[in-house]
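**Q** Read off the chains here:
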Amino acid sequence: MSRLAKGGLVDRARALSFSFDGKRYSGLAGDTLASALLANDVKLVGRSFKYHRPRGIVSAGPEEPNALVELRAGARREPNTRATVVELHDGLIAASQNRWPSLGFDLLSVNGLVAPFLGAGFYYKTFMWPASFWEKLYEPVIRRAAGLGRAADGNDPDEYEKANAFCDVLVIGAGPAGLMAAREAARAGARVILADEDFLPGGRLNAESHTVGDEAGHAFAARLAAELASNPKVRIMTRTTVFGVYDGGTYGALERVSDHLAEPAPFAPRQRLWRIVAKRAVLAAGATERPIVFGGNDRPGVMAAGAVQAYANRFGVAAGKNLAVFANNDEAWRAAFDAAQAGIAVSAIVDVRETISPALTAEAERRDIRVIAGGQVIGTRGKTLSGIEVRHGGTTEALAIDTLAVSGGWSPNVHLTCHHGGKPIWNADIAAFVPGATPPGLSVAGAARGHFSLSGALRDGVQAGTAAASDLGFATATPEIPIADDAEPAIAAFWHVADSKGPAFVDPQNDVTAKDVGIAFKEGFRSVELLKRYTTLGMATDQGKTSNVTGLAIMAELTGAGISETGTTIFRPPYTPVAIGALAGHHRGKDFRPTRPTPTHEWAAEQGAVFVETGLWLRAQYFPRPGEADWLTTVNREVSAVRASVGLIDVSTFGKIDLQGPDVGAFLDRVYINGFSALAVGKARYGVMLREDGMVMDDGTTARLAPEHYVMTTTTANAAKVYQHLEFCLQVLWPELDVAIASVSEQWAQIALAGPRSRDVLARVVDDSVDVSNEALPYMGAIIGTVMGGIPARLFRLSFSGELGYEIAVPARHGETLARALMAAGAEFGITPYGTEALGVMRIEKGHVSGNELSGQTTARDLGLGRMASTKKDYVGRTMAGRPGLTDPERPTFVGFKPVDGTSRLRAGAHFLKVGAPADTANDEGYMTSVCYSPTLQHWIGLGLLKRGPERIGERVRAYDPVRGGDIEVEVCAPGFVDPDGEKLRG
Amino acid sequence: MTHILDTLPLTRLPAPGSYGRTGAPGVTVALREDVAAATLVARRGAGVRLADVVQARFGLTLSDGPRMAGDDALAVLGTGPGRWLTLAQTRPGLAAELASTLDGLAAVTDQSDANILFEINGPRVLDLLAKGATIDLDPEVFRPGDVAVTAIAHVGVTLWRPGEEIAYRALVARSFAPAFARFLIAGGAEYGIGWSRRG
Numbered sequence: 004m005s006r007l008a009k010g011g012l013v014d015r016a017r018a019l020s021f022s023f024d025g026k027r028y029s030g031l032a033g034d035t036l037a038s039a040l041l042a043n044d045v046k047l048v049g050r051s052f053k054y055h056r057p058r059g060i061v062s063a064g065p066e067e068p069n070a071l072v073e074l075r076a077g078a079r080r081e082p083n084t085r086a087t088v089v090e091l092h093d094g095l096i097a098a099s100q101n102r103w104p105s106l107g108f109d110l111l112s113v114n115g116l117v118a119p120f121l122g123a124g125f126y127y128k129t130f131m132w133p134a135s136f137w138e139k140l141y142e143p144v145i146r147r148a149a150g151l152g153r154a155a156d157g158n159d160p161d162e163y164e165k166a167n168a169f170c171d172v173l174v175i176g177a178g179p180a181g182l183m184a185a186r187e188a189a190r191a192g193a194r195v196i197l198a199d200e201d202f203l204p205g206g207r208l209n210a211e212s213h214t215v216g217d218e219a220g221h222a223f224a225a226r227l228a229a230e231l232a233s234n235p236k237v238r239i240m241t242r243t244t245v246f247g248v249y250d251g252g253t254y255g256a257l258e259r260v261s262d263h264l265a266e267p268a269p270f271a272p273r274q275r276l277w278r279i280v281a282k283r284a285v286l287a288a289g290a291t292e293r294p295i296v297f298g299g300n301d302r303p304g305v306m307a308a309g310a311v312q313a314y315a316n317r318f319g320v321a322a323g324k325n326l327a328v329f330a331n332n333d334e335a336w337r338a339a340f341d342a343a344q345a346g347i348a349v350s351a352i353v354d355v356r357e358t359i360s361p362a363l364t365a366e367a368e369r370r371d372i373r374v375i376a377g378g379q380v381i382g383t384r385g386k387t388l389s390g391i392e393v394r395h396g397g398t399t400e401a402l403a404i405d406t407l408a409v410s411g412g413w414s415p416n417v418h419l420t421c422h423h424g425g426k427p428i429w430n431a432d433i434a435a436f437v438p439g440a441t442p443p444g445l446s447v448a449g450a451a452r453g454h455f456s457l458s459g460a461l462r463d464g465v466q467a468g469t470a471a472a473s474d475l476g477f478a479t480a481t482p483e484i485p486i487a488d489d490a491e492p493a494i495a496a497f498w499h500v501a502d503s504k505g506p507a508f509v510d511p512q513n514d515v516t517a518k519d520v521g522i523a524f525k526e527g528f529r530s531v532e533l534l535k536r537y538t539t540l541g542m543a544t545d546q547g548k549t550s551n552v553t554g555l556a557i558m559a560e561l562t563g564a565g566i567s568e569t570g571t572t573i574f575r576p577p578y579t580p581v582a583i584g585a586l587a588g589h590h591r592g593k594d595f596r597p598t599r600p601t602p603t604h605e606w607a608a609e610q611g612a613v614f615v616e617t618g619l620w621l622r623a624q625y626f627p628r629p630g631e632a633d634w635l636t637t638v639n640r641e642v643s644a645v646r647a648s649v650g651l652i653d654v655s656t657f658g659k660i661d662l663q664g665p666d667v668g669a670f671l672d673r674v675y676i677n678g679f680s681a682l683a684v685g686k687a688r689y690g691v692m693l694r695e696d697g698m699v700m701d702d703g704t705t706a707r708l709a710p711e712h713y714v715m716t717t718t719t720a721n722a723a724k725v726y727q728h729l730e731f732c733l734q735v736l737w738p739e740l741d742v743a744i745a746s747v748s749e750q751w752a753q754i755a756l757a758g759p760r761s762r763d764v765l766a767r768v769v770d771d772s773v774d775v776s777n778e779a780l781p782y783m784g785a786i787i788g789t790v791m792g793g794i795p796a797r798l799f800r801l802s803f804s805g806e807l808g809y810e811i812a813v814p815a816r817h818g819e820t821l822a823r824a825l826m827a828a829g830a831e832f833g834i835t836p837y838g839t840e841a842l843g844v845m846r847i848e849k850g851h852v853s854g855n856e857l858s859g860q861t862t863a864r865d866l867g868l869g870r871m872a873s874t875k876k877d878y879v880g881r882t883m884a885g886r887p888g889l890t891d892p893e894r895p896t897f898v899g900f901k902p903v904d905g906t907s908r909l910r911a912g913a914h915f916l917k918v919g920a921p922a923d924t925a926n927d928e929g930y931m932t933s934v935c936y937s938p939t940l941q942h943w944i945g946l947g948l949l950k951r952g953p954e955r956i957g958e959r960v961r962a963y964d965p966v967r968g969g970d971i972e973v974e975v976c977a978p979g980f981v982d983p984d985g986e987k988l989r990g
Numbered sequence: 024m025t026h027i028l029d030t031l032p033l034t035r036l037p038a039p040g041s042y043g044r045t046g047a048p049g050v051t052v053a054l055r056e057d058v059a060a061a062t063l064v065a066r067r068g069a070g071v072r073l074a075d076v077v078q079a080r081f082g083l084t085l086s087d088g089p090r091m092a093g094d095d096a097l098a099v100l101g102t103g104p105g106r107w108l109t110l111a112q113t114r115p116g117l118a119a120e121l122a123s124t125l126d127g128l129a130a131v132t133d134q135s136d137a138n139i140l141f142e143i144n145g146p147r148v149l150d151l152l153a154k155g156a157t158i159d160l161d162p163e164v165f166r167p168g169d170v171a172v173t174a175i176a177h178v179g180v181t182l183w184r185p186g187e188e189i190a191y192r193a194l195v196a197r198s199f200a201p202a203f204a205r206f207l208i209a210g211g212a213e214y215g216i217g218w219s220r221r222g
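Protein sequences, first through last, are from chains A and B.
If you're matching positions, the first sequence starts at 4 in this note's numbering and goes up one per residue.
If you're matching positions, the second sequence starts at 24 in this note's numbering and goes up one per residue.
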């Protein structure tokens, strides 16, 4: 056990049991998985991506490149979780990944033996030829060997959700700068959200041993957090990572609501995706420690100095028994002193600098720690670290240690400042990139801005919080800045021990070495963006949080360009990985989008309907009866029943728009291609409207209910679009027109009654006062009346099927009652409910255009509706519809088709070719848009668009369908297959 | 555990009862279908006269912005420029009454069957609404009488706060009501939901 006897912000009274690779261990409440593993002396936690080298824990935070584990089991298994941020819970199950058969012995580690051949660009150079091998051999093999972790096999049993929050000031990070910023903004009266990815507020205050005033840093943090929590205008969001900055002060954040539990509490989500809208934001995200690159630097036991310090101070864990430090800066010395204070033996501090602050060397001397100034670590040994080789003063020396704490300095976490394109700026004095231009409303404080000392962070936080609040008009008092016991640490830039032994890893997650950076340089991939893509440096889950700056610094050394000129790759959201499930929230499966039932849904379900999704609507597709072998049998029965007697279908899904005012007629004249102002009261008319570009947008009927009152119907698919179009026309094009519109799609349930007996049925549901005779309600008539004993109704004599037909509209709550009443009234005629399939068959038989033809690529003329277009008025789309390309007589035009052999099945999507012409694009003459089996004609029929179609009636063409192997001859015919003269409609 | 969404009807409104966490509900939802509703659209150039008549006849101030006036007996909500929604709990002939009173001043369209009214109350009401509403509902920001025409969980919603109480009304198109109910119950399950129907 490496748990220290005392200290740390863990609860020693609460032991938690967990397992790693099947072995049981014990940790403490307040541990991360990483700290608990270290406390149990587990040093080897994973295998590397490419060479399968043994790897250990490097960091104590989200930047971890190595300790990626599979968490939980079964359907909850989650790959690539960072052990350093996984909060330990009782019963936690974790497993190492990217190893076979075991972590200790991994067969693919042979990759390491051929490592000299697997360097940067290996895939690009090696798997070039023969080209045919790529798909069948190379790619599958590479894919099997690559990748980290395994996705769960089952559906995720947990829920995710989304939420919105609003505040005056969002503070990102609850370290010293963030806590101060939040406190000042809150004291000024602002609404504050303080978000931190950790489960414990305090940031590095919990990891270091500084005092603030006369208080321990962690106690100071806890007191501030408590003050903030007691303020009702402050929301503290722990376990919440702000991962992206979007437009208008919008921030994306992921709250891990239940990740610290074995499974979520009943009804609680696992994670919650927050959209936070903030007037101002303070980025206090701290900094990430960088490694120094040297041979063998990936051996388990080589860690970040700040991590060693965090494990000792926060978790009460000794990362090792015998420690050395290798660094280029003062901070790492504090880590060494803290480790020594915690009781870890510190053999040496190896600092690349010759000159070091006397205060530090005196402290080292006091603690009896050997100082090797101007020294470099040039090699390591052991499967897990057992010793290092140090070069100093012209000699080399071996040190037997089990832990090497490395620090190449700290990189401010500038990521979020880049999300609007800001480019970080190199500051040579602190050897770090600091934020450049920030997104509007976002300021940066503390270590994220390059102010690495605690005093600097506290001061910065106070100023940022005060500035944000006063910027928003809150009165701020003279702030009180707490005093901490430190000064800005000194650093000498140092990146890479050039002549060291063994592979020197820049990016351990992607197994990118200093040599790979050299290869990229030699082969010309010198820009940082090319370096990243060519070597994979800085890719994958950690996105190079520890490796980017070191990698580009090594490149800068090679090019001699300098770091400032070399620049850094751009950071994009998300800062850390976000599960797709969180982005979806509850909107998955049937809840991906809303489901809209029709007013008669329950009745249709009782009738045994099979439903189909049409947009958001769920409509009855057909109503199978016992003994019917397939849907076609059912649909044939429904069609025949309608044509022989009577049937009904719910058509409530059509868009319905109420139009009122003295100018409605003039308005309709401008939106439809045909005239409406002369439409008589009590009449309906079919109309076609175009888009501004001249293509058909929608069709439908509009009825005039009163001199200044019309009601329009649109297709189901275009209901919202047409309403939007009318609104645009009224607000923007013709604001002078006195027309008021309102959607009444949801107000009215509408049922279509069709078939020769439909009048008989209708007559039985209307009230006595309503006359539905052919004289009182002729074809295309529209009247207002009551049905079923006083229920208001609108009756339209319309037909889509070609039969005598009516549409009856009643207030939506009565829709189901109406369906039942019609069924009862029609029982003696064998009234048959029919679905969208039969509706489709009948409209094809009748030759009406529908969604398949209104494709957005067809003109009125293409659809055979050109003669409807008035030449006496202007209307939307008229000018553009006159373009030569749209009036070309060669354009495919609407006609009907039937199989020449009388039996073949037609296929929608088949393309038309002249008989005998080769099947290529040059000979393409159009395509079949809609087909069905016609029970009335007893063979397949189709509608389609054929070049000069109407001129070719009687001609035979080839219908070629390479997708389904269809190739038959069809005869061109007029599109109306049933009752072409419309006698049934008027009867 | 079966997720609560898998237990709810997709095409019907949920039955009255308790959903989610047991104990005192964090959110209560009452559905009303007995509220008469009509849209009111000012005719061109008639806005001022319309406001005068509405004030004189009904004692209500037509607001130009997203605000409500009135009470459960008769309320008018601003839903767009020159556009209002009137709601009345005890006036079945609302649309006809308005149409005759406001003839020539406004187009009146009956919407009594177009929407379902959800009354949403309870100590966790804001936590629940935050899961869907992308507007700031902080009681200091979204004040008594404020109205929003917005979208929640892909469902168009007219949302308002009738009074001082932290309680809200949401008007949702009839065919979207089951989807909206699913949002309320999925998001509110962790607080416990009391569900009832009136009218």
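Hints should not be assumed to be uniformly reliable.
[As the list claims (entries may be wrong)] Coverage of chain B stretches by chain A, computed from C-beta distances (three or more under 8 Å per stretch; other residues unrestricted):
| # | region |
| --- | --- |
| 1 | 127-133 |
| 2 | 188-200 |
[Said to hold, decoys possible] Here are some of the chain B residues that sit facing chain A, going by a computed Cβ distance under 10 Å:
| # | residue |
| --- | --- |
| 3 | HIS26 |
| 4 | ASP29 |
| 5 | ARG106 |
| 6 | ALA156 |
It should be emphasised that the hints constitute simulated quantities derived from the structure, not laboratory data.
Only a predicted model underlies this, so the values are computations on that prediction, with no experimental measurement involved.
Glycine included, C-beta positions come from ideal geometry on N, C-alpha and C.
**Q** Next step is simple, just say for each hint if it's right about the structure.
**A** Going down the list of hints, with the structure as the test:
no. : hint    : verdict
1   : 127-133 : holds (count 4)
2   : 188-200 : holds (count 4)
3   : HIS26   : 6 Å, holds
4   : ASP29   : 8 Å, holds
5   : ARG106  : 8 Å, holds
6   : ALA156  : 7 Å, holds
In this structure, none of the earlier numbered hints is contradicted; all agree with it.
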